[in-house]
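K.L.:
What follows is each chain in one-letter form.
Protein chains: 2
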Amino acid sequence: MADSATSASRPAGAPPTIRDVAEMAGVATSTVSRALSNPGRVNRVTRERIEEAAAALNYVPSSQARGLSSGRTNAIAVLVPDVTNPFYFDIIRGTQNQLKAAGYTQLLVDTEESAEMEADTLRKMQRTADGFILAASRLTDAQLADAASSQAIVAINRSSANAPAVVIDTPGAVVQALEHLSSLGHSKICFVGGPASSWSNATRWKTFEEASQERGLTTFRVGPFAPKTTSGAAAADAAARTGATACIVFNDLIAIGMLQRLRERGIRVPEDMSIVGCDDIFGADFCNPPLTTISSPIEQAGRVAVSMLLAQLDPLQAASTRRLAVMPTHLTVRASTGPVA
Amino acid sequence: MADSATSASRPAGAPPTIRDVAEMAGVATSTVSRALSNPGRVNRVTRERIEEAAAALNYVPSSQARGLSSGRTNAIAVLVPDVTNPFYFDIIRGTQNQLKAAGYTQLLVDTEESAEMEADTLRKMQRTADGFILAASRLTDAQLADAASSQAIVAINRSSANAPAVVIDTPGAVVQALEHLSSLGHSKICFVGGPASSWSNATRWKTFEEASQERGLTTFRVGPFAPKTTSGAAAADAAARTGATACIVFNDLIAIGMLQRLRERGIRVPEDMSIVGCDDIFGADFCNPPLTTISSPIEQAGRVAVSMLLAQLDPLQAASTRRLAVMPTHLTVRASTGPVA
DNA sequence: CAACTTTTGGCAATCGCTTGCCGCCCGGTT
DNA sequence: AACCGGGCGGCAAGCGATTGCCAAAAGTTG
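If you read the sequences in order, they're chains A and B.
Anchor point for the first sequence: position 24 equals 23 in numbering that gives the first Met the number 0, and the numbering is continuous, going up by one each time.
Anchor point for the second sequence: position 225 equals 224 in numbering that gives the first Met the number 0, and the numbering is continuous, going up by one each time.
Don't take every hint at face value.
Pairs count within a copy or across copies, as identical chains cannot be separated in the list.
With a cut-off of at most 25 Å between alpha-carbon atoms, the simulated SDA-like pairs for lysine to any residue come out as follows [stated by the list, open to error]:
#1 99 to 325
#2 227 to 331
#3 227 to 288
#4 123 to 58
#5 205 to 329
#6 123 to 14
#7 123 to 45
#8 99 to 113
If you are wondering where the hints come from, they were derived from the structure by calculation, not from laboratory data.
Starting from the given sequences, assemble the full structure and let the hints guide the process.
P.N.:
Below, the structure written as structure tokens:
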């Protein structure tokens with residue numbers, strides 16, 4: 000009863016390796032490897048034997064080792080400027096879902112709104128991740144081009160000829176918002192700006208300005224403000240003194256902050272001032288008053304970004320890959336906008 | 000001018016390896032390895048030469064390869080039941096910060112409130128991560144013990160003798176909340192329960208019940224409800240028909256949902272019904288009315304969890320490591336609670 | 001100055017897996 | 001009967017680091 004002693008090698012504590020499986024199944028490690036990751040390459044009965052052995056040993060291949068020899072890591076890094084911001088939460092949720100479905104691991108990195116940190120992460124993780132999703136990248140066009148040339152990248156809300164991107168068509172809805180306000184009788188409208196380095200901010204402003212002009216509206220602009228509710232106070236004060244009767248705000252975070260400040264100051268929303276946010280983040284529907292805002296399929300954007308990235312990684316599809324996906328948006332009217340007094 | 004041709008080997012596109020650095024610095028790869036990760040072991044001038052070469056080549060060690068030979072991955076997996084939930088957002092933020100500071104990568108996994116998925120992830124990633132942070136683990140005591148015995152683990156809000164944990168002392172503040180309500184004249188109080196499998200839910204209810212009894216209050220209990228705002232409607236309806244004049248709600252998400260529903264039904268908060276939430280998540284301060292809630296240092300809990308985990312990983316400290324950290328909480332009174340009518 | 005210690009750097013084995021290449025076995029052709 | 005090609009497995013060479021062990025060099029000591 001002692002002649003199956005061959006496998007006495009594995010030190011009890013350590014997880015089983017491919018060799019243990021091979022030994023148990025009576026084949027070479029290469030066969031195990033193939034059976035597990037390239038099933039067609041191996042005879043069915045052999046494969047089944049191997050699968051049984053693997054199951055019996057509770058074998059889990061080491062992603063490290065696999066990565067070392069294959070060159071792939073099966074991990075995607077998602078870089079966001081600020082994990083704190085609900086907008087990115089939704090993106091993270093989207094990428095997380097899709098990545099998991101595809102068997103990838105998500106590496107989450109907070110770049111703290113810093114282009115430098117972003118570039119640095121991109122460099123440091125070049126070997127750690129198979130690809131990168133850059134949410135609201137702060138990189139310059141040149142940096143982006145540079146990065147995209149050496150690794151798989153998809154940007155979200157940062158369009159550039161140099162890298163595949165998915166952009167949320169907030170500008171499209173800015174026009175809608177403007178019309179909404181205009182139809183309520185507003186003619187003096189203020190744009191409350193977000194971070195200066197933000198591409199979205201720039202495009203939103205641009206659209207806002209052009210569309211306003213076409214419609215003969217008077218525009219003001221205040222900012223930039225950091226995308227946090229706490230910036231709302233300053234933003235509200237600045238907007239109020241422009242004399243505008245309505246604001247389109249860079250994002251819901253700032254807008255929600257403004258709502259509070261305006262209430263404190265006795266400026267009624269929407270009677271004295273209408274407010275339109277952007278993004279429709281968590282909270283926009285239950286703040287006081289509920290916020291009229293530009294609803295964005297943020298989570299979906301995250302998912303699409305993952306799909307594009309994965310396609311880019313797949314040699315079969317790499318060529319035919321879309322370079323740009325535009326996500327539709329729409330205006331959601333709630334209680335923070337109303338007719339001009 | 001042609002005798003430094005030795006290094007012609009590296010195929011332009013590929014990132015430099017330790018060998019390229021060694022070659023350029025004129026030393027063996029082992030020396031490079033040591034210079035970079037164990038500076039004291041190498042002569043200063045040699046080290047500097049190596050550092051220069053590394054910088055010149057823009058060398059980044061492959062974490063894969065490093066992991067393979069050293070056994071460490073420098074990554075920590077953070078498992079949360081639901082990335083969507085703002086509560087976990089704060090945890091993620093906390094862990095993210097602290098991990099980055101310590102030079103670790105964060106692997107974020109959404110276990111979808113499933114114990115099975117959690118156990119599975121733990122198994123699959125045993126080699127991928129050096130340790131795990133389990134936020135609000137759904138695992139049974141046995142599973143948890145099992146997992147903790149074979150890998151480094153810290154649980155958040157899931158205490159058990161079997162694994163190190165950081166728990167947020169919400170129960171402590173539940174008593175405070177009860178006193179607050181009692182002092183406002185409430186005597187019929189309803190506990191709105193969260194997920195049945197949640198340890199926090201169990202402890203909150205237990206404390207609630209005991210403390211109520213001591214104070215001679217009449218208690219009701221409704222639930223379980225999923226921790227989402229959308230559960231609020233059902234929760235509100237259920238709570239309303241108990242006849243209670245105040246609720247302590249499992250978490251802010253449900254509480255915020257209730258707020259909306261109660262308003263729709265014309266039940267005024269706090270005049271007809273007082274509401275106390277738990278967690279003080281993003282949004283609790285700007286919902287309508289602003290929510291009285293039990294404020295928790297969530298982000299800090301995440302940070303502490305990381306510290307404990309890292310200490311556990313460090314052979315020097317492993318022994319002296321704390322097994323339990325309790326984070327203090329306090330009641331934040333806003334506008335959703337008031338005197339009984 | 002011999003005998004010892006330290007320092008410092010190199011050699012080579014490993015880590016666990018993938019993959020190119022080779023060879024064996026078999027049934028089918030000519 | 002000799003030949004062929006496909007299917008299936010094994011061999012062994014890496015992938016890019018780390019690390020135990022060893023030896024040369026440098027520094028100490030009595």
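K.L.:
All hints, please: hold or fail.
P.N.:
Cross-check of the supplied hints:
Proximity of residue 99 to residue 325 under the C-alpha cut-off of 25 Å is restricted to the intra-copy arrangement: shortest distance 23 Å within a copy versus 33 Å between copies. For a Cα distance limit of 25 Å, the shortest separation of residue 227 from residue 331 qualifies both inside one copy, at 21 Å, and across copies, at 21 Å. In the homo-oligomer, the alpha carbons of residue 227 and residue 288 lie at most 25 Å apart both inside one protomer (18 Å) and across protomers (21 Å), since each shortest distance falls under that limit. With identical chains, the CA atoms of residue 123 and residue 58 are at most 25 Å apart between copies only, with a shortest distance of 9 Å across copies and 30 Å within one.
Proximity of residue 205 to residue 329 under the C-alpha cut-off of 25 Å is restricted to the intra-copy arrangement: shortest distance 18 Å within a copy versus 46 Å between copies. Taking the shortest alpha-carbon separations for residue 123 and residue 14, only the inter-copy value of 11 Å comes in at or below 25 Å, while the best intra-copy value is 29 Å. Taking CA atoms no more than 25 Å apart as the test, residue 123 paired with residue 45 passes between copies only; the shortest distance there is 24 Å, against 41 Å inside one copy. When the C-alpha separation of residue 99 and residue 113 is checked against a cutoff of 25 Å, the pair qualifies only between copies, where the shortest distance is 15 Å, while the shortest distance within a copy is 28 Å.
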